[in-house]
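**Student:** Residues per chain, in single letters:
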Amino acid sequence: MSDVHALAARLVDASARPDRDPYIGIEWPSARDAQAWYFSPELVSLHGMPAWDTLDEAKRRDLAFFEAVNFASLNVHGETRLIAGLEASVAAQPRDDAIAAYLTCFRDEEAKHREAFVRFCTQYAGAVYPDRSLALAPAWDGEDAQLLFFARVLVFEEFVDQYNTAMARDARLAPVARQLNRAHHLEESRHLAFGRAWLAQGAAAGHARWRAGEARAIALDLADFRRALWRDLFCVQAWRDARLSHADLYALRLAALAEPVVLAREQALFAGVERFLRGLGLSVDGAAA
Amino acid sequence: MSAPELRTALLDWVRAHRRGAQDAPLDADTLLLQERLLTSLQLPELLLFIEQLRGQPLDVASIRPGAFASVAAIERHFFPDGTP
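Protein sequence lines, in the order shown, are assigned to chains A and B. Just so we're aligned, residue 1 is where the first sequence starts under the numbering used here, counting upward by one. Just so we're aligned, residue 1001 is where the second sequence starts under the numbering used here, counting upward by one.
Careful: at least some of the hints might be erroneous.
[What the hints assert, rightly or not] Cβ pair distances, simulated, as ranges:
1) B/Arg-1015 - A/Ala-137: 17 to 25 angstroms
2) B/Arg-1015 - A/Leu-186: 39 to 47 angstroms
3) B/Ala-1016 - A/Trp-28: 41 to 49 angstroms
4) B/Ala-1021 - A/Ala-204: 36 to 44 angstroms
5) A/Ala-36 - B/Ala-1003: 43 to 51 angstroms
6) A/Ala-127 - B/Arg-1064: 19 to 27 angstroms
7) B/Ala-1028 - A/Arg-209: 35 to 43 angstroms
[As the list claims (entries may be wrong)] Here are a few chain A residues that face chain B, going by a calculated C-beta distance under 8 angstroms:
8) Pro-130
9) Leu-134
10) Ala-139
11) Gly-142
12) Asp-224
13) Phe-225
14) Ala-228
15) Arg-231
What the hints contain is simulated information worked out from the structure, not anything from laboratory work. C-beta: ideal position from N, C-alpha, C; glycine also.
I would like the entire structure built from these sequences, with the hints used as guidance.
**Tutor:** As structure tokens, this is what we get:
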């Protein structure tokens, strides 16, 4: 049995314990509390910029709330794609295999997470923000498509988990926001452990078959994916819903994204996963040209 | 913004965000998705740029990838009057 199989078997056991389901204890008030924070102010996209400094406390809480809705919506859409990919991966595994069993748990947990994020958006904001991504024909197939899928999953989950971890312990947040972040973090930590092991194995096999430039092409795609995730946090719809008074929210967004403080925040957010990918030869500066 | 200014703005945007060989020819009929100058990961940013030019949000659910096939296709789909 490989290390990944052994890990998958252990994770199946851990996932199967209902007493460990952190979603069971979440308390859902019927409506948003306008006096409460739903997103840590320091994590709000515009924090530290003049556009933030000019807002009063109530406006800041509104902005934080709609950015929480955006964050939950990004999770809904990300997990929808993740569930579809996991179903394809389960189908590609041998039956009764520990990895297939864990991927099934993984998929079921993602479906539960998506349901909770949908509930947050619909109950408190009336709807999930629409998915702004467009599906195109995939550029990779076979094992490379699988590898890229799990690499993107890892980048997505590492990104989300940093926000979840910070907000799970932020006492300023409304209990439902704190509990939702905590529950997601607890279950994602298993997915991250599996994702790292699975990806390390897949990257080693990939390097043995790739021709010149192929690892770099995957690394470039991952860099674009990471950048797109970050930019999705600067959400014009959330700013519009929070009634920011800027004449051109699109120009505000581009200006914010170019701010040194924002660039530094982006770099810090992805430093861990970037280091991991570099170790696998899957970062732009680490992959062979 | 006139129609030629719109075309220049769209071509400039593609030049600034394109993937692959940076010196390959680019004009309004270049096949952006087929030639992989743009991937699905650049399209949300392009949508925002188009919204900014139009001055209003788009109904994303109704948009098909063919709308981004080329700069000329973008003009036809999002700016049917020829200007923002």
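**Student:** Give a verdict on every hint.
**Tutor:** So, going through the hints one by one against the coordinates:
1. A beta carbon spacing of about 24 angstroms between B/Arg-1015 and A/Ala-137 agrees with the range 17 to 25 angstroms that was offered as a hint.
2. Hint check: B/Arg-1015 to A/Leu-186, Cβ distance near 45 angstroms, so the stated range 39 to 47 angstroms holds.
3. For the pair B/Ala-1016 and A/Trp-28, the beta carbons lie near 44 angstroms from each other, so the given range of 41 to 49 angstroms is met.
4. Against the hinted window of 36 to 44 angstroms, the Cβ-Cβ separation of B/Ala-1021 and A/Ala-204 comes to about 30 angstroms, which falls outside the hint.
5. With their beta carbons about 50 angstroms apart, A/Ala-36 and B/Ala-1003 fall inside the hinted range of 43 to 51 angstroms.
6. The supplied range of 19 to 27 angstroms is met by A/Ala-127 and B/Arg-1064, whose beta-carbon atoms lie about 22 angstroms from each other.
7. A beta carbon spacing of about 39 angstroms between B/Ala-1028 and A/Arg-209 agrees with the range 35 to 43 angstroms that was offered as a hint.
8. Of the supplied interface hints, the one on A/Pro-130 holds, with its beta-carbon coming within about 5 angstroms of a beta-carbon of chain B, less than 8 angstroms.
9. The restraint placing A/Leu-134 at the interface with chain B holds, with a minimum CB-CB distance near 5 angstroms, inside the 8 angstroms limit.
10. With a least beta-carbon distance of about 7 angstroms to chain B, the hint placing A/Ala-139 at the interface is held under the 8 angstroms criterion.
11. Hint status for A/Gly-142: violated, given a least beta-carbon distance of 19 angstroms to chain B, over 8 angstroms.
12. Interface restraint check for A/Asp-224: the shortest CB-CB distance to chain B comes to about 4 angstroms, inside 8 angstroms, so the restraint holds.
13. Against a cut-off of 8 angstroms between C-beta atoms, the interface hint on A/Phe-225 holds, since the closest Cβ of chain B lies about 6 angstroms away.
14. Taking 8 angstroms as the C-beta cut-off, the interface hint given for A/Ala-228 holds, the closest approach to chain B being about 5 angstroms.
15. With a least beta-carbon distance of about 7 angstroms to chain B, the hint placing A/Arg-231 at the interface is held under the 8 angstroms criterion.
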